[in-house]
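> Residue-level listing of the chains:
There are 4 protein chains.
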Amino acid sequence: MGKKIKLGILGGGGDSLIGVLHRVASQINDNYEIVGAVFNPDFEANVAFAKEIDIPTNRIYKDFDTLVEEELKLPKEERIQVCSVLTPNFLHFPMAKKLLENGFHVICEKPMTTTYEEAVILQDTLEKAKTVFAVTHTYTGYPMVRQMREMIKAGALGKIHKVDAQYYQGWINTIIHDKAKRSTVWRLDPKKAGISSCMGDIGVHAFNMIEYTTGLKIKSILADFNYLYEDNQMDVDGTVLIRMDKHVKGLVRASQVATGEENGLSIAIYGEKAGLRWEQENPNYLYVLSDDKPAQVYKPGHAYNSDLSLDGTKLPPGHPEGIFDSMANIYLGVARAIRGEEYNDGEFPTMMDGVRGLDFIESSVESNKKGNVWVDLK
Amino acid sequence: MGKKIKLGILGGGGDSLIGVLHRVASQINDNYEIVGAVFNPDFEANVAFAKEIDIPTNRIYKDFDTLVEEELKLPKEERIQVCSVLTPNFLHFPMAKKLLENGFHVICEKPMTTTYEEAVILQDTLEKAKTVFAVTHTYTGYPMVRQMREMIKAGALGKIHKVDAQYYQGWINTIIHDKAKRSTVWRLDPKKAGISSCMGDIGVHAFNMIEYTTGLKIKSILADFNYLYEDNQMDVDGTVLIRMDKHVKGLVRASQVATGEENGLSIAIYGEKAGLRWEQENPNYLYVLSDDKPAQVYKPGHAYNSDLSLDGTKLPPGHPEGIFDSMANIYLGVARAIRGEEYNDGEFPTMMDGVRGLDFIESSVESNKKGNVWVDLK
Amino acid sequence: MGKKIKLGILGGGGDSLIGVLHRVASQINDNYEIVGAVFNPDFEANVAFAKEIDIPTNRIYKDFDTLVEEELKLPKEERIQVCSVLTPNFLHFPMAKKLLENGFHVICEKPMTTTYEEAVILQDTLEKAKTVFAVTHTYTGYPMVRQMREMIKAGALGKIHKVDAQYYQGWINTIIHDKAKRSTVWRLDPKKAGISSCMGDIGVHAFNMIEYTTGLKIKSILADFNYLYEDNQMDVDGTVLIRMDKHVKGLVRASQVATGEENGLSIAIYGEKAGLRWEQENPNYLYVLSDDKPAQVYKPGHAYNSDLSLDGTKLPPGHPEGIFDSMANIYLGVARAIRGEEYNDGEFPTMMDGVRGLDFIESSVESNKKGNVWVDLK
Amino acid sequence: MGKKIKLGILGGGGDSLIGVLHRVASQINDNYEIVGAVFNPDFEANVAFAKEIDIPTNRIYKDFDTLVEEELKLPKEERIQVCSVLTPNFLHFPMAKKLLENGFHVICEKPMTTTYEEAVILQDTLEKAKTVFAVTHTYTGYPMVRQMREMIKAGALGKIHKVDAQYYQGWINTIIHDKAKRSTVWRLDPKKAGISSCMGDIGVHAFNMIEYTTGLKIKSILADFNYLYEDNQMDVDGTVLIRMDKHVKGLVRASQVATGEENGLSIAIYGEKAGLRWEQENPNYLYVLSDDKPAQVYKPGHAYNSDLSLDGTKLPPGHPEGIFDSMANIYLGVARAIRGEEYNDGEFPTMMDGVRGLDFIESSVESNKKGNVWVDLK
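Protein chains in written order, with UniProt numbering: chain A, 1 to 378; chain B, 1 to 378; chain C, 1 to 378; chain D, 1 to 378.
This is chain A alone, in the form it adopts within the complex (with noise of 0.2 Å):
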């Protein structure tokens, strides 16, 4: 064939939320086949893995190193184009590098790097390579936030006076009033995690979705991090005031425990003409302020929205995307029907439901039609 990209996965095997995320991105808009993996550091789980989502295990490999070493004997048209990297944190700037240094296009999941150091060494071995390189900033695919940085830059906000952006969540409240917990757990570790649990790991697609909607840089920050036990250093929580450029300040402000708050990343920017609001939570909607006219609530698929918001957006207007997982689950009770394995009746609809929907088409239209009088269904 030949259109699709030939696609690498390194680490993302098992149940790895972010390895599901990847695959099924790759797939939604037919560009990519996967070809070859290292999901697994354990051969025998990697490759068990790879028949269990069905993927040909001749190209699952024992390690990174040979992954780069086999695929390169293989000819161009054959040979794995992009690899996106899962692995932990601390891999990521190795296996990056290495990839770029062989000519590979790369997908790596953020941070990029455990160090400002590291991915300044990456950056250069970039402009040697010249191939393409993307960090999965995964909320900036969202195409209100596209949205945003759209009229931004179209002038709909004019001089901005203040950025806003919050990224809370709870789910470290549940590890660390437990003393064994927090001292094990990976994240709460500076030598597993980096240098900054809260800001490391979610500050910073608060500070990322702020230079990439306003288009402006931040230039100077001063941070107050959070700690709730002595014993525990880690940052947990904080707040990190911003100066940018043309004058601008604003804020991140970040934690993971916050109870209750579950994915709370937020932002809101406020400009001469016109403030804007959106949360990822609800990212469908994005409000746009005024002083002296009603609020607006801009939608995806509209044709009022730039190109690039359009660009990323295949349903019509009311669908939220998850109507895709959705018909997945659908297919998925099919799946196990068809397998003969065990589902719930509730799994996916069946011709009985066919059945019942014609008739209540028929039924109402007799109902109609007789000047609204009962009729029963068969």
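One or more of the hints may lead you astray.
For chains that are exact copies, the list does not tell them apart, and a pair is met inside one copy or across any two.
Calculated cross-link-like contacts (lysine-lysine; reagent style DSBU-like; alpha-carbon spacing at most 35 Å) [claimed, not checked]:
#1 K293 to K273
#2 K219 to K128
#3 K179 to K128
#4 K217 to K369
If you're looking for bench data, these hints aren't it; they were derived computationally from the structure.
Dock chains B, C and D against the given chain A, drawing on the hints supplied.
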């Protein structure tokens, strides 16, 4: 190989939205591979589309009958196991019938057939065929819809008092007031769309949602349809009063001229012990109402949900499933870059975003460590 | 003095909610003073209540007839000008009739009478009396309801397609399932409450809202009522299909057993050019929907609203009118303190709050001036 | 009579919003009667306004000193007991001080004084006076704010992790970009408004809300203020990092240039056991968040609330307190009609609305009784 179910596609070519939806959904849980298709009645367009989405063309057939004939010649382990029927409504019945008669499983778009009579015939066919047959009432795949069903089954509402389901859209408003348009659009032509527009296309989803969630059957209905122009008597709006098992009353409200509504499917179910409210445009929020306790907001992915609800959830709480699509947009941008196509610099985060992220994290730590002082980014 | 209108009150004593509502409302715009009343059929309770709310007792009468008789003896400039009729439903008619016949203006709670026959008689009486008569369909006083009316009058919706009004409450759910309770509560006894519970008490508000906002008359209806127990046939839920002037269709949905709903009055009106949605529980948000433009959120107090809407708004945008009540709670706490009654230290902000506020402001300025350093509060 | 507390008003004449707010609030719980005032420094305007709102003019004084002097001559049972100080900020201190020194209770608008130094002097004065003194941090009167305080006091959150209070308004955006306007508006002139605009006017409310709800004291702060123009250095935006008792951290975010924000006061408090979120623009919704249970939505008036919260609630659940205002608008229309002034036919429901309501109810019953048939209204 062999783990994935072999899927055939009928219809859904080109930029068909329903085609996109089924293809993506079939891939999300790693269960299906598309091995054959008749995307389009025009053979050249058919092959061209297969190439565009990178599906092997050797099993792209010139028409449906050929597909059935040729597939039956293949050894059973290579043969299409299940077909998704995405063709115009009037073709659902003959295709589904023939597929069943030849031992194929079927995933059929709704409406399953154009008449109740056909539906009953198909039901007989299925009884003999003993294969799997699903009608894609997509909305029943949402985790919180499944949660409603399971809560009601478990008695959380007690005796049900009232069911009120709504499906309000506005899109026909852009067509109906133009005489030329309303007399040519297939949806408003009873010969092409069946005997009902609004109730047949969307009211039936609300009907299905009621029966799915409550587990009760609607026994009797009284309908009042709404037409806007004398020269076009297809219902574009209407209300159907319903009477269900166990003396439960309720109603279905549907409209295609509810101007400004996008895909306003929602349901409210009130019982002796609690009330439930859910709306498709914000599918992750299920409100559980009480007379004497605070309302509760159920969300997907939490352990407090039923197994059936959790089965459909791949990501942790707080991630709207649209996250798949957001990530997919980033993969799309990367694909364009790899192919050397034109792309916008906002389409995917680059290494520079990664570098700046590290700079932010390290500078935050430094500012905090030094006692909350300003630190310049590099 | 003499600028304020002299108001008499019939009923509404003790902790009657409707009594509170009318007394407060009569005072908000500095237009009325209460000069006479029969709060209670028991004279002692009547006088006691007048003292409790600090109204002069010399014009607290033993019964309604005495009130009319005695007031008529007073010189016209001292006499009650208008009476608020807040008594049980069956007394509305005889009281209103006698008041009109004696030249009084009347503000009457709804339902105005218990039968249509009485209503027509009252109408005749009013025509002769030529005084002012108002029925308190309270919801028409909301600024955004008035805005809907004015927008529709000005043609913002064009031809109306559909009107859908809902009034869902759940409170009878706490009564209906107990046989003893449901057979004794006055609301479910047709002799006391009139021929309808749900439609008569709340459906009629939805009906009024439709006629008020659209300016159209409902000409014909089809009703389906819902009873939960054979031994109590009063409707506690129901749907009424409606046909209006200009061939507009719609419906009224009402329930008193919509478990967990509090006071869920809402209306949606869809027309050729736009749609409108409003709900009483969030009365400051009017959604103006369009097929091709972002939805707009109208809020009270902005210059873009109609005069009729602005007339009802005393506070700047963003202050829910509940701010009156919030301030009133503080005055209540202060009153208790002044009277030496017991009160909670959270009932009103004390001077210490004032001191700390100044400390905060001055310390903030100091911290900012010194280059964003930590400053201790005193 | 004598049950009502005798209230004097200083300032708040004409169309002063704060004047309306205090007058209405003082009347809502039947506790106060206004017996004296200096609404305006201009005596004629002062008397005219008293007449306009129908307050006896014999105790309308030419200035504050006269008010104090004359009132002291009255017998104690007739004398003003409490004065509401609604004058420009710089007058709060001298007036409050003199009132306290002469034995009056005081209700003082915020800021209590213009400097911390004055505040401390006033505190000393109060200690000697032993009267009641309230600063009107109005927002602490909301039922759900009181509920937050009581829940935290009862330990519902456990150890508090983080407090985040916001007060975003946009109104100065309409002034700040015009050099002439920004150099003349009193709010941006430090001589008239005090040393801070944004933090002094609204940030201090957020500060107070934090201390009120958590019961903790803020001990140390770090501020970053935002100015938009070099020629006007008053803060119109800013962030204040805070450190509280028990090592709790948090922040106050405030802005007067958050374009399109109306009165965006909100607070989020996260603790070990739960999180709380509340916003002033939707004051009836208190979200109680949990990591492992569905979020709960607390609303006013329910028995599950604390006594302090219920104390402030007069109406049943589901009635936003704005209902008072809605009813008041209807009374306003009736007043105009009674006085023979011009009014719009949408200002109050007339008898015709009452007649139609009865027609609707009776017709509904008839339609239902006859088996759900169409019935024409009369």
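> State whether the alpha carbon distance between K293 and K273 is at most 35 Å within one copy, between copies, both, or neither.
both (11 Å within a copy, 19 Å between copies)
> If the cut is 35 Å between Cα atoms, do K217 and K369 qualify within a copy, between copies, both or neither?
between (65 Å within a copy, 23 Å between copies)
> Go through the copies and call it for K219 and K128: within, between, both or neither, with a Cα cutoff of 35 Å.
within (27 Å within a copy, 53 Å between copies)
> How would you label the pair K179, K128 (within, between, both, or neither) given a Cα cut-off of 35 Å?
Neither. Shortest intra-copy (47 Å) and inter-copy (51 Å) distances fail the 35 Å Cα cut-off.
Checked against the numbered hints given earlier, this structure breaks only hint 3.
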